[in-house]
Amino acid sequence: MKFLKRTDLDRFLTAAAEHRTIYVPVDEEPNKSAYRRYKPGTPVSQGLKTTRSAKDFFFPQTENLVGFRIEDKKIKILDPRTEHEDFAVFGVRACDARSFGILDKVFLSEPVDTYYQNRRRHGLILTMTCRRPAETCFCTAFGIDPASPEGDVVFTETADGWYIEPKTEGGRDFLAPLEEFLEERDDKGADEAKARTRAIMEKLPLAGLKTDSFGGGKTKELFDRPEWASLSEACIGCGTCTFVCPTCQCYDIRDYDTGREVRRFRCWDSCMYSDFTKMAGGNPRLTQKERFRQRFMHKLVYFPENNGGEFGCVGCGRCLASCPIHMNIVKVMKTLSEGQDEQ
Amino acid sequence: MQEMMKKRAKTLLADGTVSRVIGWRRGEFSYDVTPAVFETAEEIDRDFVFDAFCGANVSKYLIRESAKEDGRILAFLKPCDAFSFNQLLAEHRVRRENVYLIGIPCAGKADIDRIKKAGIDGVTGIAEDGEDFVVSTVYGDERVKQADVLAERCLACKSKRHPVYDELLGEEGEDLPDDVRFAGVAKLEAMTAEERFDFWRSELSKCIRCNACRNVCPACTCENCVFDNPASGISQKAAADPFEENMYHIIRAFHVAGRCTDCGECSRVCPEHIPLHLLNRKFIKDIDELYGTYRAGEDDGTKNPLTSYTEGDAEASVVRERGRA
Amino acid sequence: MQKIGVFVCHCGTNIAATVDVKAVAEALGREPSVAVSTDYPYMCSESGQNLIKDAIREHALDGVVICSCSPRMHENTFRKAAAQAGLNPYMVEIANIREQCSWIHKDKEEATEKAIILGRAAIAKVLLNAPLTAGESPVTKRALVIGGGIAGIQTALDIAEAGFPVDIVEKEPTIGGKMAQLDKTFPTLDCAACILTPKMVDCAQNENIRILSFSEVEAVSGFVGNFTVKIRRKARYVDETKCTGCGLCTEKCPVKKVPNEFNLGMDQRRAVYIPFAQAVPKVARIDPDWCNMLKNGKCGLCSKICTVGAIDYKQQDTILEEQYGAIVAATGYEPIKVDRYDEYAYTQSKDVITSLEFERLTNAAGPTSGTLLRPSDGRHPHTIVFIQCVGSRCTPEKGKTYCSKICCMYTAKHAMLTREKYPDTDVYVFYIDVRTPGKNFDEFYRRAAEEYGVHYIKGAVGKVAPRADGTLDVQGSDLLMNEQLHIRADLVVLAAAIEPSKTARPLATMLTASMDTNDFFTEAHPKLRPVESPTAGIFLSGACQGPKDIPETVSQASACAAKVIGLLAKDKLTGNPCVAHSDEWMCNGCSNCASVCPYGAITYEDRDFRMPDRTTKTRRVAIVNPAVCQGCGACTVACPSGAMDLYGFSNSQIMAEVDAICK
Amino acid sequence: MQVNENETFVPTIVAFCCNWCSYAGADLSGTNRLQYPSNIKIIRVPCSCRVNPMFILRAFQRGADGVILCGCHPGDCHYTTGNYYARRRMTLLFSMLDYLGIERGRTRVEWVSAAEGQKFAETMKSFAAEIAALGPNRRLEDLRCRK
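Protein chains in written order, with my numbering: chain X, 2 to 344; chain A, 175 to 499; chain L, 851 to 1513; chain D, 472 to 618.
To be clear, the hints were calculated from the coordinates, so they are not data collected in a lab.
Do not take every clue at face value.
30 Å max Cα-Cα, derived DSS-like pairs, lysine-lysine [claimed, not checked]: (1) L:1513 with D:618; (2) X:211 with A:290; (3) X:195 with A:242.
Partial pick of chain A residues on the chain X-facing surface, computed with a CB cut under 7 Å [claimed, not checked]: (4) 211; (5) 295; (6) 414.
Just so you know, even glycine gets a beta-carbon here, dropped at the ideal spot from N, CA and C.
Isolated chain X (complex conformation) (with noise of 0.2 Å):
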C-alpha cells in the first residue's frame, strides 16, 4: 500500500497545490483549528476536529445566489454564478465524510441545487483517519467507523505517516501527479493503526449509545414524550450546535439592498431560531420545547423515515462540545430511550 512519510507531508501538499487549491486544518489555539487555505510551510493541525464542519466548503454560511438591478425603472437580474475551482479538503475526518451523503440526499434529489452541486464538482475530500478520539466522538452509533472513512483519498494516520488509498477516480487523479512523494509498504501497519482506533472507540464513554429507539416511523411514540420539556427548558435558543453541525442543511434567502442593485443571498439559519421558518402567522413552532424537538426529531426521525433510515447525525460529537448549556443529541438520545425502556 502506497505510504506518505509524515516528513513529506509538506512537499505532498505544496505538489498537490499546484492543480487545486488545498484546504489543511490550522491550529488556531491549542485544541481548536480551522480550515485554511494551504500555503507552503502551513503547518497542519494534529487536532481531531476542526471547530466548524468541513461542510462549510460545499454549503457556506453566505451565498449570493442573483441580484437584480434597477435601471430606468427597469429591474435587470444579475446572475452571480461561475464554474467554481478545483479544490481538495485535506484532514477530513470519518464523521464529516458521512455528511456529505447526508447533505447529497438533500441537495443534489431534484430539485438540485446547482450551487452546491458545483462546489460538490470541483471539491475532493481526502479523510484521515482517527488516532485520538474524543469523549465526545459517537460516530460508531451510526455504524461509521473511524478507521476506515468514506472519502475520495483515505489517509490511514500512523506514527510516522499515513497509509494512502484512493477511493474514486477523482482520487486516482489527485495521487496521479503526486507519486514520487510516494512509498510502498505492506498492509500491517494500516491494520495495526485502523486496530488501535477501533479498541479506543470502544473504550469511549458514548460507546454503547444505543439508536434503536429511533428512526423512521418513530414519530407517533416520540413526538409527545413529557421529557423534552425537560430536556429543553434550559436552551437558550441559539444556533451554535446547527452550525457546528456537519450534517444541518437549512438556510433562509433574504435580499439586501447595496444601494445600486438588491443582492438575493442565503444563508444557514437555524430551527433554534424563533424567527425561524417565518411565515404567515410567524413561526409554526411556538415554544423553545417545539423547536428544539424539531432538530432532534428531524435528525433522529423525520430523516431516516425519508432516506432509507439513515441517520441525520455522523456523531461528530462537535454540539456536545460547544452547547452554551451543554444540552445535546447525546443527552436526549439517552433520556428519550430510557423512557422507552421504562414503557
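The hints should help you fit chains A, L and D onto chain X, whose structure is shown.
This is chains A, L and D only, laid out in the frame that chain X set:
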C-alpha cells in the same frame, strides 16, 4: 457546598417557601452540567449538582421563571449572577416576589476549554482533589491545578459580594480591585490603531453568528432583538460581509453598555472563543474613567450612565486627544 | 407602488443660477416611484403652490418632494398646500437646495450633482413617511399661580380679568411677598404698600381668584392643559372661614417674645399673629412652635376670647386636589445669608444690616415706626456706609457669579431718602459699577449723587471692624483716587445678592421644568420665549426666572399672564404629531426611555399579551403621552429593542436618507 | 466614497444636524454665502440625541468616509438635555470605534448654534479636509456597497 445547597433546597420545598428550584443537572462527562429546574426532593437527590463547572449564569432564566404563576422559585446565585439579577430587577425584567435568592460563595469556576488546551483530551470525569482536579480520560488519568484552569472571567472577578439575596450560604465576600479586570483592555488600548484593527478583524472574522453570546447574555433580554427584527433595518441572520461582523458586535456591546455586569457569559459560550468580554469591558472602563466608577447591578436604583449626564461631561473629542492614535 | 411628485424651485436665480434645476428635475424624474418631476421659478408663490396641488390631484400622488429653500422657511407653506389638495401634510419632504446647496457652492456641476443627491434623499425619506394627524387634548380652563408676591399677584389679576379662574398658592400666611416689606420704590419713590396693597385686595375681591395662603404644592401630574395638582393646606389653627381678622387674639396672647419675621426679627410678635396690618387674607395664625396650648396644652386664652370661635387647636393639614390647564411659577427670590462674609462683620455688630433690614428700619410699619435708628443703641446714625455687590458678581466659591440687578437702584434710593430725611447724615456708597439701565434710572442715580450729595466711592470694602466706641471702622479703597480709606461709620448696609427661593428647586422637579445652575428657572428660549418654561404649560413670572426689579417683574408677570390666557382661551390643544411612540410588542419595559425624557411624557403599564402559543403574558410596557412629548427622540436611542421610534424622523427614514446620500 | 475621473479622492461625508441650532446654523452659512465642500450632505434630525449609533455605522457601511454630528451647545438644547445624552453616547461610540482600530478622525461631534454660520462652514471645511487626508474608509466599509 453542594450538600448544603441540596439540604436547604429540600427544606424550602418542603415548607412551601418555594415550589421550584433552579440549579444545575449533572452531565455525561462531569464538566457538561446543564441548568435545570427541580420540583421534587427526589429529583434533587438524583440530579442536582454543584461543582467547579456550574458556571452558567442562571439569572436570565428567572425572567421566564419569575413570570410563572405557580409559586416562588429558589435560585442559587453566585456573586456575578446576583449582579445580573439586580440589573434585571432595575429594568423590571424579573418579578422579585416570585424569586427566593440564596447567595452562594464562588471561588471561581473551571473552564473545560483550558483543561483541554493543556492537552488533556478524552475526558470522562473530573474530581476535585484539594488544590487539584483529577481528570480521568480515555487515555489515562491527568492532574491539573484548579487555579491553572480557572475561567478568564474568574481570574478577572470584580466582586465576591452579593448585591441582592434573601439568604446567604457561607461567607459573604468583598469587591476585588479592577486593575486585573481591565488589563486586557488596557493592553489593546496601548496598541496602534492598525494593531487593534488586525486583532479585532482576526477575532471577529471567526464569528459564525450563532447568537449564543446574545441569547445567553442577561442584559440582552429584548422581547425582539433589533438583529432579528427586519423593521430595524439592521437585522441579519449571518454576517454576509465583514462589516456586519463589526456592526453586530459593536451594536450589541453598545446596547448593553451601562447595563452589562461583566458576568463573562458571552465569552464563555462563544464556540469560536472570541474574547467578547473585551468589548463590554471597554465600555465599562470608559464609563468608569469618564463618568465615575459605575457598576451595573450594584443596586436597583442607580441611573445607567447612558441615561444620565452631567453638564461638565467630557466632549467626544477626548477620544482623539487621549493616548496614542 | 407609491407615486411621488418632485417639484424643483428656481427661487428666481437664487437656486437656478448655480443649480441646473432642469437637470435636477430630469434626474429625479428617473428615480423609481417618481410619477412627476418638474421645476418652476417660485414654488412658494400662489401659482407655484397651485402647480403642486394640481399635480397631487392629477397624479393621485402619495408623497411630495420639494427641492427649494430650507424647510425652516417654507415647510409649513407646502404642507398647507398639500393638505388643500387632499394629501396628508406630513407626506411632504423638503430638499434644501438653496441654503445648503446653491448658496454655498459656485461650481454649477458640483451644486447640481449635490442637489440631485439631496433630492434622492428626500424621495427615499418621503417613501417611508406615514400620514400623521396631530392629536388633540382638552384644556382645563383654570390656572395655578405658585407664589403670591407682586409677580404672582399681577399674573393672577390679569388672568382673572380675562375671565379665567386662578388659584394663588402662597406658602406664607399672607400674599404680598417681598414687596410688602419694602418701604419706597425706585425710581418714583411712591410707597410700596400704597401700590401693592390695593392689588392684594383686588385679588381677595376678584371672584375669579382663590387665594390658598399658607399652602404648598405637594405633587404635580398631567401635562399642558391637563395638570392635576395636590396642594397641602397647612394647619394655621385658625378657621379661615370664621376669622374676621379683628386681631383681638393677637393683642391678648401672653406669648409676646416671638421674633417677627415680617420685620426680619428686629421686633417681636405674639404666638398668635397676623403678619402685618394689610395682610391678605387678614386671618390670624397660631405659631405651633411658640403657642403654649399647642406645645403643652396650657392656656387656650385666644379661643376663649375669640368672639367667632375661629380658633381650632385640633386643625390638621389638609390636601386639596385641583385640575389646572396652566401653571405659573412665581416663587420669587430671597436675599442670600451674609453671615459668611466675616469681613463685613454682619455677625459681630448689630449695626451692620442688610438692605432689606434697612427697608424695615425706614418703614412706618417697621420696628422703629420709620425713624432711622441704630439697632445697637437706638441712636441716630450720622455716618452710613452702603456696600454694593455683597455676594453678587463673585467667584462661585465666594457667592453668586451673576449681578443681582436691583441693588444699585435701591441703594441709590436708600441713600437719597436718608439724605432727604436726615440731611445731617453722611452717606457713602462703595460700588464696583453703578448699573442703571431702565427708564429714569440713571437720572435717579445722578440725583442721588449730585443733588443729594451721596458720596459714591468706586472701590471695594476690605474690612468692617467694630470699634470700642461702638462705631464701625470701614476700611476700603477708592480706585479713582487710588487711596485707602478709613470711614468711621455708625451704620453699615450690605446690598446682599438675591437668589431664587429655596422652594424653587423641588417645585421645578415636580413640574419637570428645567433650571440653570443658579436654580433660576430656564426659559423656553432666552430671547423669543422668555416667560415660558421648556415644559409645555409651565410659565415663568418674576424673579424666579432671574433677578428683576418691580417694573420688570410686573411687565413680565403680565406677559406671562398673556401667554396663559392664550393657552386657556383654546378649547383643544393640537400637538405636534412628530412624537415618539412605542411598539408594545417589542417594548421590554426597562424604563431607559423614561429616564432620558425631559418632559415626563413616558409612563408604564402592565399589559396582557396573547402569545403565539396561546398563553397570556403580562408585561410592563412604555406608553408615550403624545400631548406631552415634544419629539426630541432621546428615548428612541435609549431603547435597546428599537420599540421606541419617532414619527416623522423614524429609524428607517433616517437610514434611508443615509443610504441615498452615501450611494 | 467616490474617485472621480482625474483620480483625486472625493470623500463622502454625512452631517447629522439638529433642527434647532446646527441645521439653522447651516442655513445661516448659506444665507451668508459661506462656502464649504459639496461632498458634505446634511441630514436634519430634531435633536442630536435622535442620532442612533446605528445611523453612524450605517453611513460607513453605505460608503461614507466621515460622519459628523452637530447639535446645540451644551446647555442650549431646545429640548434642554438632548445634547448631553448625545455627548455621552457619541463619546462612548467613538471610543469603541477607536478601540476597534477605526481611524479616530472619521467621526466628530461639534456644537454649532443657529448664530454660528461662520463656525459651521469652518467646521465643515476642516472636517472635509481631515477626511480627505485620511483617505477612503476601508476599515468600516461593506464591500457589497463599494462603488
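Evaluated hints:
1. A distance of roughly 8 Å separates the Cα atoms of residue 1513 (chain L) and residue 618 (chain D); the hinted pair therefore holds under the 30 Å criterion.
2. Taking the CA atoms of residue 211 (chain X) and residue 290 (chain A), the gap is about 27 Å. The hint holds against a cut of 30 Å.
3. Note on residue 195 (chain X) and residue 242 (chain A): the hinted pairing is violated, with a Cα-Cα distance of about 54 Å set against a maximum of 30 Å.
4. Hint status for residue 211 (chain A): holds, given a least beta-carbon distance of 6 Å to chain X, under 7 Å.
5. Taking 7 Å as the C-beta contact cut-off toward chain X, the hint placing residue 295 (chain A) at the interface holds, the least distance being around 5 Å.
6. Taking 7 Å as the C-beta contact cut-off toward chain X, the hint placing residue 414 (chain A) at the interface holds, the least distance being around 4 Å.
The structure does not agree with numbered hint 3 stated previously, though it agrees with all others.
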